[in-house]
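Okay, so the sequence shown: first residue is 364 according to the working numbering, each after it adds one.
Simulated from the structure, these hints should not be mistaken for lab results. Yeah, the Cβ is synthetic: ideal placement off N, Cα and C, and Gly gets one too. Treat the hints with caution; some may be incorrect.
As the list claims (entries may be wrong) - BS3-like mimics (lysine-lysine), calculated; alpha carbons at most 25 angstroms apart, straight line:
id, residue 1, residue 2
1, K741, K705
2, K635, K581
3, K746, K598
4, K705, K658
5, K593, K574
Claimed, not checked - What follows is a list of derived Cβ distance ranges for each label pair:
id, residue 1, residue 2, range
6, K589, V501, 24 to 34 angstroms
7, E583, G470, 56 to 66 angstroms
8, S645, Q552, 36 to 46 angstroms
9, S412, K593, 33 to 43 angstroms
10, E597, G470, 24 to 34 angstroms
11, A701, K403, 24 to 34 angstroms
12, R710, A411, 31 to 41 angstroms
13, R697, R764, 48 to 58 angstroms
14, K376, R415, 20 to 30 angstroms
15, S562, K451, 47 to 57 angstroms
16, N516, A701, 35 to 45 angstroms
17, V501, R764, 21 to 31 angstroms
18, A720, K593, 45 to 55 angstroms
19, S645, R771, 24 to 34 angstroms
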Amino acid sequence: MPTLNKIIKKSKKFPNSPGIYWFSKKGKRIYVGKAGSLRKRIASYFRASDQRIKMMINEADNIAFKKTNNVLEAVILEANAIKKYLPKYNIKEKDDRSFVYLVISKGDYPKIFIARGREVEKYIYPHMIPRGRLCGYVFGPYQSYRTLKTALNLARKIFPFGTCLPTGDLPKRDKPFDGAQNQPCFDYQIGLCPGICVSAISQKDYQNNIKNLILFFKGEHRRLLKKLKKENPEKISALRHIEDVVLIIANKILSSAPQRIEGYDISHFGGKEPVGAMVVFSGGLADNRQYRLFKIKNTKNSFDDLAMLEEVLQRRFNHKEWPMPDIILVDGGRNQVALAKKVMKERNIFIPIVGIAKILGHSGRAYLGDKLFFANAKPSVKKLLTSSKIILQQVRNEAHRFAISFQRKQRKIKLSTKFL
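Sequences are here, hints too, so could you generate the full structure?
Here you go:
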């Protein structure tokens, strides 16, 4: 316990900035992770109920970190560290076949693609590689396909590469390839492909793009910036411009910790059996083990949804043993958000709150018209939440479904359930 207290005390001095962190034992790294906010991420470990996490932090005798300019750099640095140190808790979490890797082939016009761990061996061992597909680099392991895909998509906006064939390099098949001679591929039309399919870029310039991409995924950012300063200073500003985007995504796609979004809805049947529903999404996925129903006890007017929402939020945050959410979502508009903010302020809790006002109801086309309302959210966070509108709607719809399903069951049978 003294060792754990030392680690906790040390972690409180971690910065609220992106980077990687590692737990170690006797100088050997046993777990490596990345974060958009190092201090916040490490603090979450000491509230975790997961037995594997508890085992890991109790085994560790030290913790350290390395800051990065943005989360995208942290993603790359984390993958390189896992590959170098093979921390046992990273490996325990996933077998090698479930990791993902970035593969860059050799050739005049190298191909870039993502391979699963169970597939990557044929790109690592030459005798297993199909003719003409020798790889130049394999980056990884990355713990999340979505993380790597997002990082690759962001990098591709600065260093475009093609998935098509260069002009004249026609495949031997009956049907024409998308990148067949003098036919621009779709990616070229949207600016992601530099145009090898229509000879819009020379082989030399294309390979230079790939070299820059390799430096990027190697984590050699100083060398990359120095190179760009000579070749194309405009790309430096583009590289720095995406830092804001990456920091926004940090608490979503690129965070190694599953972000906790709590969604709330109130439901009743003609004023009878009012109930508050709380659903939890972690890492963008529903975690129904943490769903809760609150039977309304203290609100006399069963048609006063605002008062019932206040009761539910007050009771929820009386449960200090529950993990704190990163985002609170309420079904409603400005009034519901203002009420949630008031409850949070009374408890000195300042986390982003978002409300979704239903314009087109809960239909599949709801995203076209639903309006978002915010509280406790900086401009960058608002941008994140706005860009993640569909995910937030899924949370809202799930809270609505969970509450309504209870009401329907009540009408059919007398349901025996655990209320809080």
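The hints, checked one at a time:
1. K741 x K705: The hint holds at about 17 angstroms.
2. K635 x K581: violated (61 angstroms)
3. K746 x K598: holds (23 angstroms)
4. K705 x K658: Roughly 22 angstroms between the alpha carbons, so the hint for K705 and K658 holds.
5. K593 x K574: It holds: about 14 angstroms lies between the C-alpha atoms, which stays within 25 angstroms.
6. K589 x V501: 24 to 34 angstroms: Since K589 and V501 have Cβ atoms about 25 angstroms apart, the given range 24 to 34 angstroms holds.
7. E583 x G470: 56 to 66 angstroms: violated (22 angstroms)
8. S645 x Q552: 36 to 46 angstroms: holds (37 angstroms)
9. S412 x K593: 33 to 43 angstroms: violated (52 angstroms)
10. E597 x G470: 24 to 34 angstroms: holds (28 angstroms)
11. A701 x K403: 24 to 34 angstroms: This hint holds: roughly 25 angstroms between Cβ atoms.
12. R710 x A411: 31 to 41 angstroms: Between R710 and A411, where Cβ atoms are some 21 angstroms apart, the hint is violated.
13. R697 x R764: 48 to 58 angstroms: violated (24 angstroms)
14. K376 x R415: 20 to 30 angstroms: holds (26 angstroms)
15. S562 x K451: 47 to 57 angstroms: holds (50 angstroms)
16. N516 x A701: 35 to 45 angstroms: holds (37 angstroms)
17. V501 x R764: 21 to 31 angstroms: This hint is violated: roughly 43 angstroms between Cβ atoms.
18. A720 x K593: 45 to 55 angstroms: Cβ of A720 to Cβ of K593: about 51 angstroms, so the range 45 to 55 angstroms holds.
19. S645 x R771: 24 to 34 angstroms: holds (26 angstroms)
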